[in-house]
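Asks: Protein chains in written order, with the numbering used here: chain G, -3 to 314; chain D, 157 to 483.
Worth flagging that the hints you see were computed from the coordinates, not collected in a lab. It cannot be assumed that every hint is accurate.
Quick look at which bits of chain D chain G covers, simulated, 3 or more residues with Cβ under 8 Å [stated by the list, open to error]:
(1) 302 to 312
(2) 315 to 328
(3) 404 to 415
(4) 438 to 452
Just so you know, these numbers come straight off a predicted model, no measurement behind them. A virtual CB, placed ideally from N, CA and C, is assigned to each residue, including glycine.
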Amino acid sequence: MAAYIIRRLLSVIPITIGVMFITFFVFRVVGGNPAYRIAGKNATPARIAQISHERGYDKPLFLNLREFPSHLLDAQFPTLCGNLLRFDFGQSIITRERVGTMLREGVGPSLCVTTPLFVIELVLGVGLALLAAYYRNTWIDRGLVLFSVMGMSVSTLVYIMLAQYWLASQWRLFPVWGFESPRYLILPVLVGTIAGVGGELRFYRTVMLDEMYQEYVRTARAKGVSSRRILFHHVLRNALIPILTNVIVAIPFLYTGALLLENFFGIPGIGRLTVMALFNFDDDVVFATTFIGSVLFVLFNALTDIAYTWADPRIRLR
Amino acid sequence: MSALLQDAKGIDETRPPEGLWSIAWRQLRRNRVAMVCLAILCAYTATWLYAEGVYWTAKIRGIVPDYKISHYEIRNGPPTAAHPLGTNFAGRDNLKQLIQGARIAFEIGLLTSIIVIPLGFVMGALAGYFGGKLDTAIVYLFSVVASVPDILLIMSITYVTRAAVERSTAMQSVTRYIDAGLLSICVGMGFTGWVGLCRIIRGEYLKHRERQYVLAARSLGVGHGAIIFRHIMPNVAHLIIINFSLRFPGLILTEVVLSYLGLGIASEPSWGTIINDAKQRLWLGNWWELGGATVAMFFLVLALNLFGDALRDALDPKLRIAEAKTG
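All chains, full assembly: derive it from the sequences and hints.
Replies: Structure below.
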């Protein structure tokens, strides 16, 4: 068990390096020297050279073969990896703030939106899925499925616009924009729930129905267990594994924040930070958010595998 | 009469057994929801072809197409007989814009698939069929891609591709025909979207390579390439279609998000750009513009979702929805 956990956690390292490589490849190799983008359209060559030198863009990309072997790793990618490993995320080009500080400031607002959203979606999703599974193949089930597919067929953007226009601006139930008191969170969470719950419901319903047709359900029914007890006691517990996977894997995205919601409702979280950074060519910020997001994702994936043993004693880990 | 006689003869044993596709089609025919969705999809396809016609006619004749001509005297007009969905900020007909939006949506679906299907299929097939180190490498690759938050990776690739396309002179011959924004969106979504297909195909090839017919082919001296493409591929090809029909709606919705973020299509009216433009007019009380785009998108995405589900049930009852779940 301990060996498995250690091995599973170690697998985080190659994946993280891979993620850094992809991000680096996209931004520095395909994207070219960022100094051109930072300096803007009317920059002089001297200015570009200055920015390149300041931020190390003039170094070789992967390995410094010119100064082999003493400065072999004095190149962009190894430096970036080294910095990230030390949790040194660099400095924002725009605000001149440390990226670490910016992230710390963004976590709070992001979590304020994503945590309630996550919990409400989970409870509603699983609850409605249980309802649909209990009344499967009746009009309640079909209605719920149709409702969820219809909900998924409208762009989140449209939900946001309609909510801001009618609920906030016309009826003045909520503030339209900003992040000052808990009241400001109601609308983003509400919109997020409406936009997201359809997918959750459909997914959990499939999971439950998969279990519904297992042999053990027939056995339970044959020995006279009530439908309700089968659903809550037998099916729900067996459906726990896919549910658990879905839940744990979603946790890192609490941190990444709700990109659209944060942007539309003016919540100064990490999602907003990332989008701003992307448009301001602030690549240190983009690297940092991608890095942390993926490390969390891989870590939580590993945790899911470990959590399986708790949810299902039949699974033995080697 | 002759059909009746044929039936009366009973089962004809010399006739080849009914194939996967005709069984699936029979099952789909019985599904009323699927048939309605198919009709909707046909209507959208017809719209798309019509829009392509309008677009290319104008392009070949070298004139500005109808839907792009500004009429500032009737800007932001309400619905009338001449303009059933009103006019937008430049006095262009909203309905014509929406029809062109359908064209863009289909083009996104096709262009993205040009990247996703070969990449996902070949990688998945190679990994599943050969196994070993190659499998490890490909699994590593898609685990890495899957570890980056989806929308972040799409945004980054789209953004960088767009800059690269606009910078390069060699790409100008391409961007004369395909909008640079459209191209970069498709590259962004293509290079992130192959993971799902690759996973499914890899799993299938893992299963199939152990089957007897593969062993038989090997014993007869058939090469690996022929086994992968001629023997196993027909057995898994339906998964590509299922994957496409379930991925397509996600692409349409993602395009809207990318357009909002300013990464969208610049020179042509896509549903995403229409929705983003309409956002400002909603505050003036012009609901028809946003409403039209939302409804146009809603029916296509809904029909694709429902039809995709039915298709999956008909073609492969074992496949779970879990694999097709979109964020």
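Asks: Each of the hints needs a verdict: does it hold here or not?
Replies: Do the hints match the structure? See the list:
Judged by the Cβ-Cβ criterion of 8 Å, the stretch 302 to 312 of chain D is covered by chain G as claimed, because 8 of its residues qualify and three suffice. A count of 6 residues in the stretch 315 to 328 of chain D with a Cβ less than 8 Å from any Cβ of chain G is obtained; the coverage claim is therefore met, three being the minimum. Interface restraint, the stretch 404 to 415 of chain D with chain G: holds (4 residues with C-beta to C-beta distance below 8 Å; minimum three). Using a Cβ-Cβ cut-off of 8 Å, 4 residues of the stretch 438 to 452 of chain D lie near chain G, which meets the minimum of three, so the contact claim holds.
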